[in-house]
Amino acid sequence: MAITTVPGTTRKPGRPTPPHTGPQRTSLGRKVRDNLTGHAFLIGAVLCFVVFSWYPMIRGIVMSFQRTRRGETTWVGWDNYSRIIADPSFWPAWQNTLYFTVLALALGYAVPFFVAILLNEFRHAKGYLRILVYLPVMLPPASALYLFKFYAYDPSEAGLFNAILKALHLPTSQWMQSPEMTMPAMVIASTWMNMGGAVLIYLASLQNIPGELYEAAELDGAGIWKRIRHVTIPQTRLILALLAMIQIVATMQLFIEPLILANGAGAEDSATSVAYLIYQHGFFQNDLNGAAALGVIMLVVLAGFSAAYLRLSAKQD
Amino acid sequence: MSVPQYRKAAALALVAGLGFSLTACSTKSDDKDTNAGGKVTITVDCQPVGAQKELLKNWNDDVAEFQRQNPDIVIKSVSVGEQCNNPPDFTARLAGGTVTDVFYGYMTDLQQVLDSGQAMDISQHVNKNTIPTWDSVDPALKEVFTDGGKLYAVPVKNYSMGLVYNKALFQQAGLDVNNPPKTWGEVRAAAKKISALGNGIAGYSEYSAGNTGGWHFTSLLYSQGGQVLSADGKKADFNNPMGKQVLQNLKDMRYGDNSMGSRQLLQWGDLLTNAGAGKVGMFIGAPDATQAIVSQFQGKFQDWAMSPLPGQDGLAKGTLGGGEGYFFKKDLTPEQVKAGLKWIAYQKLTPGKGQFDYVRAKPQNYPVGLPQPLLFANGSEAQKQELELRKANANVDTANFAIFEATPVPIKGEPRNAQAVYAVLDAAMSGVLTNPNSNIDALLKTAEEKVNQLLAAES
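These protein sequence lines map, in sequence, to chains A and B. Residues in the first sequence are numbered from 1 upward in steps of one, following UniProt numbering. Residues in the second sequence are numbered from 1 upward in steps of one, following UniProt numbering.
The hints are simulated quantities; they were obtained by calculation from the structure and are not laboratory data. Quick reminder that beta carbons are idealized off the backbone N, C-alpha and C, glycines included. It cannot be assumed that every hint is accurate.
[Claimed, not checked] Pair by pair, the computed Cβ-Cβ distance ranges are:
| hint | chain 1 | residue 1 | chain 2 | residue 2 | range |
| --- | --- | --- | --- | --- | --- |
| 1 | B | ASN258 | A | LEU170 | 54 to 60 Å |
| 2 | A | LEU105 | B | SER79 | 42 to 48 Å |
| 3 | B | SER123 | A | GLN95 | 46 to 52 Å |
| 4 | A | THR73 | B | SER123 | 49 to 55 Å |
| 5 | B | GLY96 | A | TYR99 | 32 to 38 Å |
| 6 | A | TRP91 | B | ASN129 | 54 to 60 Å |
| 7 | B | SER79 | A | ALA106 | 22 to 28 Å |
| 8 | A | TYR99 | B | LYS330 | 41 to 47 Å |
| 9 | B | SER79 | A | THR73 | 27 to 33 Å |
| 10 | B | ASP61 | A | PHE41 | 50 to 56 Å |
[As the list claims (entries may be wrong)] In silico negatives: residues of chain B with every beta carbon more than 12 Å from chain A:
| hint | residue |
| --- | --- |
| 11 | PRO71 |
| 12 | VAL74 |
| 13 | GLY117 |
| 14 | GLN124 |
| 15 | ASN178 |
| 16 | ALA196 |
| 17 | GLY225 |
| 18 | LEU266 |
| 19 | GLY276 |
| 20 | LEU315 |
| 21 | ILE403 |
Chain B on its own, in the form it takes in the complex:
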């Protein structure tokens, strides 16, 4: 072969290779619902990542056992990272149509999922036959995933916020671990004592970036009895004495007492990293924040306890609640939906199995005995079973959460268009936490104008 012929051959091979590659890329898999053996196959996300060894083993064991019990179903697990719903990734998967057949989402994601057109109405499929404990699931949680009378997801976890505190630092600071702060005044006094320990310890720590500042502002405002938006959702409703009190409390701790540490603009991982390192005395969070501190940020369970969210003059008037569930991708066959529901029933909603397999979790480095999730309605049979198992296998000192559990605070959901509102409120939070001369009135007025502009543009 002459040189030009070689060149031609190489060029043709290159073109053919590219053609084959493109063809391969564009070939749509048509074996998604059944395989040659007549089995129903579903893909499910939120499989733990490799670094979460015990959780991953538990998941894989659950899949194996479920498939043994249901030989006609094949579960294909997909891991989407340690945080199953990192908003940018989640949005990209929704927009790109690459979500799994059964996919994880937050309660606040319902509108986004519906807008993307990726979810299907599962109302007709969900019942006692597909999920044996369905009648025991708290109706309020089902309602969160319902739109226009149609159910779009199955709730699998819920939370509400309280005051999470480090018992070891409380003891070092001479504070009573059994009598945690009940008001924001008491939080301030305790934070002052804890930060006096020095060594870069913040008595109280708070978010102010990546939309998490607005998220926590909302919970703090609920504790004062306020609301972020008016009842009709058309106007901002935080530029009032309650909103001012929220920011004033933080400013007093940050600059009046210097009890919140020097590094601000924190978001989720930053604060929990500091907490895991024993540098945070108190913060507001859900019970599973302690799990993240231990499993992801090298903290110790025995150091952490929880009490209800403090209020201004007494118990908080409200606290922020949320949770998560599994959606079903549009165009699934009825067999796939049933298989998916069966899997969720097994792994997420059966006392003694999957996430409620407390016997298995007890010796592992994951907490048993936390007061949440509370998926099952009060007095239901499933709740009784779950609570008994939880109590019998607790590996954390349940006394650490007893006050939180015994003192329920009214739970309120997140506002409409939550992330956009949180982004605006981040500026107010960062203002009081980074500027000693910040003007609270001006910060709230600016945030109010921005939220109103935003809501007007949306409508």
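In isolation and in its complexed conformation, chain A is listed as follows:
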């Protein structure tokens, strides 16, 4: 019978066995000592999470049940929640946010995938093309959005997009000044800004697909669409599912696009998102408690969505 050694379990020669002071204490103490370096390096990350993520989150939840007036903080139960739900902008903000999420999923999710497939097919200048696709990610989001605001979405005919539409003899648009175009325009800008990262992840995933699968599909007479449908998509399903969830969670937190492109609420409130409404309440309306309540509602919605999504994905697997 062959004896196998699990890597990392052999004791180094010359290291004395610590004396037994009790079964549990010894084991814990040894574990801590053995992994001292790891624990020490972990402390920084844990502290960062505690100070900058978990504490604010708990503080936000607590604040959502309080009201501060005249420097006095009192517990008000669900008052902030009922007040924020009664805010006339509450439901429109959710509608706008969901609309953006759906549009972003349709455009911002599909486009990077097909760009990655396209890039994967290129035999020449691969590196240059990847840099080109990734470049917008390197641009600070605020700068990218100002570029769109002042050059692409200028509602006059001097605007880049309107000049292109005019050259093509197509009707021009008011872009951010049109309530109907506000969301599509924000999705276009957002997709352009963020697509590079997703493309790189898809590319990495595509390159892991064994070439034989495509060869077999080709021998079976599959065209490009059939190869994508029956080979590429099933082989990248996990990455696709993960990115879909990340994208939905990220797009639901829509904030910087309305803030810069629409100067806030946009034409007739067409750009007001849930995150922007939180900002309005917290920083303009002297209502940090209402903002906290809305933040908690958003947290619950996103956590619920993520849990349901992960459960569904697990079931499919």
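Chain A is fixed; fit chain B onto it per the hints.
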């Protein structure tokens, strides 16, 4: 040392470093009121930023001179940006308790400051001994910063809105610069002529985003004789013929005459950037808007003049007024409060010193001769001195503001819960300025319902 020992040492150093860092972060400074020399130290915000070279030098010179005159006081200046009260930053500082000992705020900030619990009642400290010109300060301005009979801030600036117009564009358009529009009908006619100059020039420009649209709607409504909320502050009161007239005037100019430019959803900086570039014929604003146009947006003083806010059929029935002051952080020692008041008295409320040092400002690129602030009460000694100095050192053509100054319009303050109401009214303003088919009745009805919902939820 073996490799594992090095690792242990590195880990211990890391832990110790983190510990020290956290300790440093959590250490509360206890030297805030006095230092070893027995001096009283106060921190004061709104120091000009580095880009405002002359203003910054003036401030620093004032601090140096004040400290020379008061060797027992140390002023620590803090800059919080070009706009001393950018609402999100201000709210964050209040919520985080990081405001300076003596901190700047708008007149409309009183409730927010009181709610945050960061301000102290300074009633017992403010008098002629701490601020020599205190009896001359307009009582109406003191009242704005008073709540429940207690004074929480010292007013240092005030304004009211009028029609700001570009004389150069008026001349190019063949309009009489000495006879600016007095009614909204005349504004419309003038805007049409100015925009006919082409080159992307808007005859009249208006805000409609970032809550500034609601802010200006309020002033335009006051000009019609209206009010945003009912007298008891419990109901919206703008869905009426006056509110409709405000929006109709704008819609007529925007889409009837195409005299407001194509780019809308403007907020403060957008409009003033266009104005500084000579692309705006008229807009409503306070006299210090011309200062911002020159100092921040590269415009020229000689191009700008001001007249009273127009009304529908004659002079405006009212205009929006506001201003700013300095609050005092809670828990300051009486010595610190007195030191802070002394500083404000020197820098903000003494004719010939600080903001009223017109001799110093005259050769600089900042206006002397604007008709505001009007901090001192009519007929008071301080007002006489200030007006004499202003007249003697004017570096702007005071004739440009003579009509505004000579024709006072009743000033009304901002409504309760102003920012929330303004956010709702932004939608009505953006509606008429971005949609040629907008339905004014529907826009006002929606805004009215929203404001009423909002007020009901608040109460």
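Status of each hint after checking the structure:
1. The hint said 54 to 60 Å for the Cβ distance between ASN258/B and LEU170/A, and at roughly 22 Å that hint is violated.
2. Between LEU105/A and SER79/B the C-beta distance comes to about 44 Å, which sits within the given range of 42 to 48 Å.
3. Restraint check, SER123/B to GLN95/A: a C-beta distance of roughly 49 Å satisfies the suggested window 46 to 52 Å.
4. Between THR73/A and SER123/B the CB atoms are about 25 Å apart, so this pair departs from the stated range of 49 to 55 Å.
5. Against the hinted window of 32 to 38 Å, the Cβ-Cβ separation of GLY96/B and TYR99/A comes to about 34 Å, which satisfies the hint.
6. For TRP91/A paired with ASN129/B, a C-beta distance near 57 Å keeps the hint of 54 to 60 Å intact.
7. Checked against the given bound of 22 to 28 Å, the beta carbons of SER79/B and ALA106/A, roughly 46 Å apart, lie outside it.
8. Separation of TYR99/A from LYS330/B is about 45 Å and conforms to the stated range, judged on CB atoms against 41 to 47 Å.
9. Between SER79/B and THR73/A the beta carbons are some 31 Å apart, a value that agrees with the proposed interval 27 to 33 Å.
10. Between ASP61/B and PHE41/A the beta carbon distance is about 51 Å. The supplied range of 50 to 56 Å therefore holds.
11. Every C-beta of chain A lies more than 12 Å from that of PRO71/B, the closest at about 35 Å, which supports listing it as non-interface.
12. A cut-off of 12 Å between C-beta atoms confirms that VAL74/B is not in contact with chain A; the least separation is 28 Å.
13. For GLY117/B, the non-interface assignment is contradicted: its Cβ lies about 2 Å from the closest Cβ of chain A, within the 12 Å cut-off.
14. Listed as outside the interface, GLN124/B is consistent with that label: its C-beta sits roughly 19 Å from the nearest C-beta of chain A, beyond the 12 Å cut-off.
15. Residue-level check passed: ASN178/B sits 33 Å from the nearest beta carbon of chain A, beyond 12 Å.
16. With a minimum CB-CB distance of about 17 Å to chain A, ALA196/B clears the 12 Å threshold, and the non-interface call stands.
17. For GLY225/B, the non-interface assignment is confirmed: its Cβ lies about 27 Å from the closest Cβ of chain A, beyond the 12 Å cut-off.
18. The claim that LEU266/B lies off the interface is violated: its Cβ sits roughly 7 Å from the closest Cβ of chain A, which falls inside the 12 Å cut-off.
19. With a least beta-carbon separation of about 16 Å from chain A, GLY276/B lies farther than 12 Å from that chain, consistent with its non-interface assignment.
20. Distance check for LEU315/B against chain A: the nearest CB is about 32 Å away, which clears 12 Å, and the non-interface claim stands.
21. Every CB of chain A lies more than 12 Å from the CB of ILE403/B, the least distance being 33 Å, so the non-interface label holds.
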